[in-house]
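Trainee: Residue numbers for the sequence shown follow numbering that gives the first Met the number 0, so the first one is 0 and each next one is one higher.
Rather than coming from a laboratory, the hints here were simulated on the basis of the structure.
Nothing here was measured: the structure is a model prediction, and the numbers come from that model.
From the three backbone atoms N, C-alpha and C, an ideal C-beta is built for every residue, glycine too.
Treat the hints with caution; some may be incorrect.
[As the list claims (entries may be wrong)] Pairwise CB distance ranges (calculated):
| no. | residue 1 | residue 2 | range |
| --- | --- | --- | --- |
| 1 | 182 | 140 | 40 to 46 Å |
| 2 | 68 | 192 | 43 to 49 Å |
| 3 | 56 | 10 | 43 to 49 Å |
| 4 | 75 | 37 | 20 to 26 Å |
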Amino acid sequence: MIPLSDPELRRRSFPVVNVCLIALSATVFVYELLLSERDLEIFFYRFAVIPNELAHGAAYTTLSLGRQTFDITTPYSNWITPFAAMFMHGGWLHFLGNMLFLWVFGDNVEDRLGKLPYLLFYLGTGLAATWLQIAAGSRSELPNIGASGAIAGVLGAYLVLFPLSRIRTLVVFGFFVTTTMMPAVLLIGIWIALQFFSGVASLGAQAGGGVAYWAHVGGFGAGLALVALYKLVRRQPLWPRGTSSWR
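Assemble the whole structure, with the sequences as input and the hints as a guide.
Mentor: Listed below in structure tokens is the structure:
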């Protein structure tokens, strides 16, 4: 299931922050495309999150590729890498999938929260996602990259803010392809259930590359909790009454 749009919601202002997040991610991705395979690996090791480095203080300063050794010292504090890693992606599918989800769901979350709060929310849920992923595999020496955790936070926020909004969704079953209008609570509910059970299944696996399921779960949980608290503080019902459109 691939979300395409949420046509029933109306924005009150242009989503400047959301567009800038997409543009910055696109700029970094274009830069990655210009690098050789070797230089791209060095780039990831220098600027992305290495769980063992943050969790246990392990120092990663060199990387051996074949007969050559390269400097991979991070030019700034390692504690900045979780933010830098949010704008890196490991390929076209990774990049396009994340940006599609951010485009569909992020604009209305920004519209409801406000521009600066949305930016802080995005970075904060991305940080929460990183730390849950580190907790699930703190000895991993592979770079963790991608905006998926922060975008999962956006999905958590969207679920609290617009659970009844219907999402135009592309559904593919083998050779059968169609589009349907699916309630956000169902689409996002299925998505997070898949992430959680896939994460549980991955706990017994050896450390390696792949999907950071626990980053998705962590970001989603943080986003859901923060926006639920936001609504409670503003004395708004957690479940909307009547239509899901703006009033």
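Trainee: Please go over all the hints and tell whether each is borne out by the structure.
Mentor: Hint check:
1. 182 - 140: 40 to 46 Å: Roughly 41 Å apart at Cβ, these two residues keep to the hinted range, so it holds.
2. 68 - 192: 43 to 49 Å: holds (44 Å)
3. 56 - 10: 43 to 49 Å: holds (45 Å)
4. 75 - 37: 20 to 26 Å: Check passed, 22 Å falls within 20 to 26 Å.
Hint check: no violations occur; every hint is consistent with the structure.
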